[in-house]
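Peer 1: Chains as they are written, first to last, in our numbering: chain Y, 143 to 525; chain Z, 143 to 525.
Just so you know, not all the hints are guaranteed correct.
Unchecked claim - Looking from chain Z toward chain Y, a few residues come up when the C-beta cut is under 8 angstroms (computed):
1) GLY215
2) ALA270
3) THR329
4) ALA381
5) LEU401
6) VAL499
7) GLY511
8) GLY512
To be verified - Listed next, with one range per pair, are the computed distances between beta-carbon atoms:
9) Z:GLN409 x Y:GLY458: 45 to 53 angstroms
10) Y:GLY280 x Z:SER369: 44 to 52 angstroms
11) Z:GLU297 x Y:HIS177: 22 to 30 angstroms
12) Y:ARG144 x Z:ARG292: 43 to 51 angstroms
13) Z:GLN409 x Y:LYS155: 38 to 46 angstroms
14) Z:GLU364 x Y:ARG301: 40 to 48 angstroms
15) Z:ARG144 x Y:THR264: 53 to 61 angstroms
16) Y:THR264 x Z:ALA371: 45 to 53 angstroms
17) Y:GLY280 x Z:GLU364: 47 to 55 angstroms
18) Y:GLU180 x Z:GLU158: 40 to 48 angstroms
19) Z:THR264 x Y:GLU158: 42 to 50 angstroms
20) Z:GLY413 x Y:ARG144: 28 to 36 angstroms
21) Z:THR264 x Y:GLY163: 17 to 25 angstroms
What the hints assert, rightly or not - So, partial list: chain Z residues that the calculated Cβ filter (under 7 angstroms) puts toward chain Y:
22) MET143
23) GLU196
24) ASP209
25) GLY212
26) GLU217
27) VAL219
28) LYS220
29) ALA223
30) ALA230
31) ALA238
32) MET269
Hints in this document: simulated from the structure, not taken from any laboratory.
In this text, a Cβ means the ideal position worked out from N, Cα and C, and glycines have one as well.
2 protein chains.
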Amino acid sequence: MRDVAIIGIGQTKVGEHWDTGLRHLALEPLLAALHDAEMERVDALYVGNMLSGELTGQEHLGALVADFAGLRGIEAVKVEAACGSGAAALRMGYIAVAGGMADVVLVVGVEKMTDMLGPQATSALAMAADADYEVAQGASFVAINGLLMRRYMYEYGYRQEDFAPFAVNAHANGMNNPYAMFHISVTPESYARARMIADPVNLMDSAPICDGAAAVVLAPAEWSPSSSAPVRIAASAVATDAVALHDRRDPLVLEGAALSAYKAYEQAGVGPGEIDLFELHDAFSIMAALSLEAAGFARKGEGVRLALEGEITTQGRIPVATMGGLKARGHPVGATGVYQVVELVQQLRGQAGANQVANARVGMAQNIGGSGATVITHILERA
Amino acid sequence: MRDVAIIGIGQTKVGEHWDTGLRHLALEPLLAALHDAEMERVDALYVGNMLSGELTGQEHLGALVADFAGLRGIEAVKVEAACGSGAAALRMGYIAVAGGMADVVLVVGVEKMTDMLGPQATSALAMAADADYEVAQGASFVAINGLLMRRYMYEYGYRQEDFAPFAVNAHANGMNNPYAMFHISVTPESYARARMIADPVNLMDSAPICDGAAAVVLAPAEWSPSSSAPVRIAASAVATDAVALHDRRDPLVLEGAALSAYKAYEQAGVGPGEIDLFELHDAFSIMAALSLEAAGFARKGEGVRLALEGEITTQGRIPVATMGGLKARGHPVGATGVYQVVELVQQLRGQAGANQVANARVGMAQNIGGSGATVITHILERA
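Looking at chain Y on its own, in the form it has when it is part of the complex (with noise of 0.2 angstroms):
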């Protein structure tokens, strides 16, 4: 097994691109991570997206966006895992490098929502839930945020307003982020005011609806170009829970996660205190407090309360959402994985601007597919 390195990055601002295609909004970033990573040739693509044959009626962005990307003939395949498919497509890059199958390899996450009316896609996406027992009781993704939310103030005696830091975080980076969807300041008083979407669940808890693709190259960690400083896939691993919520030992226990992140803390040789920040996956905000937990950041019940602490913004013990997050950022799901690598590597090459965590040098990511039955942590390490 060969180390390897992310040696070029790219990423498109993420929004309502009403006028871009589907191929066209993968192809900005997949060139833009060739250009930084100074390379032509490729051997294989992997592109992570969950609905497009859904919402555009089109499968098959493999042999698409190769096609499209002047790279007709290459191997190419997507790769879905519901909310979690960015990352599960980088994992699948990093094991075609690391056995020696493919020494270059670009992976590209891609998501168009916003072609469609809110329904549609809020229904599209309730298929990464199990459909024969929680979508067919007419269970929507918020529905079940919903349910977690309640369930997580019930039992560890926390009000609504409480969530509130975990939006005002995402929100304060996000403005300083150009391909971040929002540029918007969110307050405790504007979180208190948003509209209520799955009673606790409000707006602000809640990513948006969004298109959006970003890249990375891929390549044996001693191909790195001398222009930017290499960074090295420390870990890199999957796990899996039960899909349907009712089906885990504890609702409230992320098992998927914290099996994910062990794995990838063992891989990497750390533990949660040398993590320097912490890409979670916050597509609603008790997603990002039982992140937290699984990970090992906080204990059972405190995930919320770190937040509240001021633990989680860039200059906390764990700084989370660093560039904005699934919430400010934006959340097209089977981009999203990739955003967040793009954002670390952004991140440990100290080119995150305004949003700098300070001598950055070990970062994890972690993408979540569904509410938590496919969790895919990647650990990065600058060389």
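Use these hints to put chain Z onto chain Y, whose structure you have.
Peer 2: Quick look at chain Z alone, frame taken from chain Y:
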């Protein structure tokens, strides 16, 4: 890179499984394959599937199938490459084992297409074509293959009835396969009477819409159990081409299939002359003809002639569809590539019953996404 073997196989009878859900459908061959492999431990699961989101409202099959199979926690994702999804999943499993990332990998191909009305499956299948430039013009897959077949007849002077041997051979072989959907004999006469679907493609030129699932267990070659002859993966290759037919240099040359086959020949150190049988992607008769040509078994324009000369039967020079192929065994799209490989293993183990190809030692399977845009080729070898 380690040598990889297929140490277990499992398959479900292809058909209309109205009483079986998606996860149940996947479970039966999965357990059969583990049993066949004499294996309980699994490191990862790759699921090949194309249409579960569109047709059953369920994405996220990696975690769903893993959990239902009692494998909660393991690494599991879905791989999609249109009708080539099954072999694309196998390819991922191969990369993981060959590169040393995993020791024991389960690959399951599953597709459930018959819960819906015919038109819906046809429009879902069209998502393998180019949504913007083919499907928007009203071209379904049957129509695209109709155009191809018409052009082939025009260029090379064939008549429609010259394509009959593909259906005759597939159905003759399917008669002896208990897992095949159809156990009906097709003659040149019944072929000539078959209902026209998209002129000149008739019902006997087209593979059926159906449900099915198949599974294999991969492991390092030295792990093969003693109870069955070890079958080694001698080559695994993927290549792509333009998704839209009109973007190809010559619509009658499957460049992706040729590239994929020749990459595989190079890896395995064999040529077409050393392949004892070829499980090709006969979704349509014209695809069978073009595949034979692309893989070097017939010259350009002579694929149909090869069939007319009787060379594609189990006694011929290059037996194809030896257990019924996509036409008679059936074509549950995301499962097909795994069925093909399961059948190769049956042949190489000498377990193919009345359809046994004498002294089969090297077999090739080729699974095609779309009208030739993603082509995955595997060459298996009896050790």
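Peer 1: Quick check: which numbered hints come out false for this structure?
Peer 2: 3, 6, 11, 14, 15, 18, 19 and 25
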